[in-house]
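Participant: Sequence:
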Amino acid sequence: MTRKGPSAGLRRLVLVTLGATFALVVVGGVVRLSDSGLGCGPAGSGLQGWPLCRGDLLPGLELNAVIEYSHRALASAVGLLMIALAVVARRRLRGSHRGVVWATFAAVVLVVAQGLLGAVTVERNLDAALVAAHLGLAMLLLGLLLYVWWGVRPQRGHGGGPGGSPAGRERGLRWLSLAASAAILCTIVAGGYMAGTEKYGRSDRGESAGAHYACGTDFPACNGGFMPFGQSSLADVHLTHRGFMYLAAALVLALAILTLRRRPRGREARLAAGSIGLLLLQILLGALNVWISDQLELLILAHLTVATLLWMSVTGLALELSPARAGRTETTGDDRSGHRPAGEPVPA
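Per the numbering used here, the sequence shown starts with residue 274, numbered consecutively.
Mixed in with the good hints there might be a few duds.
DEER-style ranges, computed between Cβ atoms [said to hold, decoys possible]:
hint, residue 1, residue 2, range
1, 566, 289, 40 to 46 Å
2, 371, 565, 46 to 52 Å
3, 496, 445, 36 to 42 Å
4, 500, 282, 49 to 55 Å
5, 499, 443, 31 to 37 Å
6, 320, 356, 22 to 28 Å
Hints listed in this document are in silico derivations from the structure and should not be mistaken for laboratory results. Just so you know, these numbers come straight off a predicted model, no measurement behind them. Note that beta-carbon positions come from the ideal geometry of N, C-alpha and C, so glycine has one too.
Input sequences plus hints: build the corresponding full structure.
Facilitator: Take a look at the structure:
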């Protein structure tokens, strides 16, 4: 009887889908920063602007239309990869990795919702709340795919220290990892809302209409204070993003330091150390975005990219610290290996 379980091909498909989804986030940033959000038609274009592009199935040679359409094409490819992943996961993992199978189907639902939300965002003239929701949903998709990868990749033992840690301390570290992940997600969504207040791609806003410079070029101060909420609605938007950032920074540093104090091995150690490095780089990029008086698109894109990597790193660490980690058995290959995936019944 042929044994089913996570195969090398399935793992490659998960990685390709994860990489394509990450690229989709970055390309989405390029769309916004190049003023291409409405490249396929103005707000209110209906079907002529989405899924069509200026009434045509394919865009012309106008740069903004090509950039916007490239984002849509990549999103379609990601959708197809998600569907393929769900089909293969159900065929290979049914009965042994139910959580992973359900996660792949949830990812299909989310990617469809993401496409529809993108259409509504275009139709509503890149409304700030919709821009933020669109970005937040992309992060959730990445989180689901990380969970799928965590569930199917080869296991080489628990990453904790040699002597282990008391159960209460382990439980506290897990809750801290979830809190850090949630704080980063809130920071990213708040940053997406702040970006949605800017002029990019919209004809109804001037150069200085957004929240980007609502605090001037001051950081960590803001207009003579530290967190002076109430000065203006745009300043409040900016300060909300900073507030979540301060919370996320404190939680990530605490999580990484406490994790490293356990003297972990392997992935757990790399993710903890990497999270500190990404956090420091992200804070520097955020500060430079404020300190430099002219908005530099590449700097803003780097800020989005590193934020996404930080979210993935901390979410990956949260998965490594999850209670299911210690109980999983080692699986190192596809059907031709001699190991059996955790939880799979022995065939009669």
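Participant: State for each hint whether it applies.
Facilitator: Hint check results:
no.	hint	verdict
1	566 x 289: 40 to 46 Å	holds, 41 Å
2	371 x 565: 46 to 52 Å	holds, 50 Å
3	496 x 445: 36 to 42 Å	holds, 38 Å
4	500 x 282: 49 to 55 Å	holds, 51 Å
5	499 x 443: 31 to 37 Å	holds, 36 Å
6	320 x 356: 22 to 28 Å	holds, 23 Å
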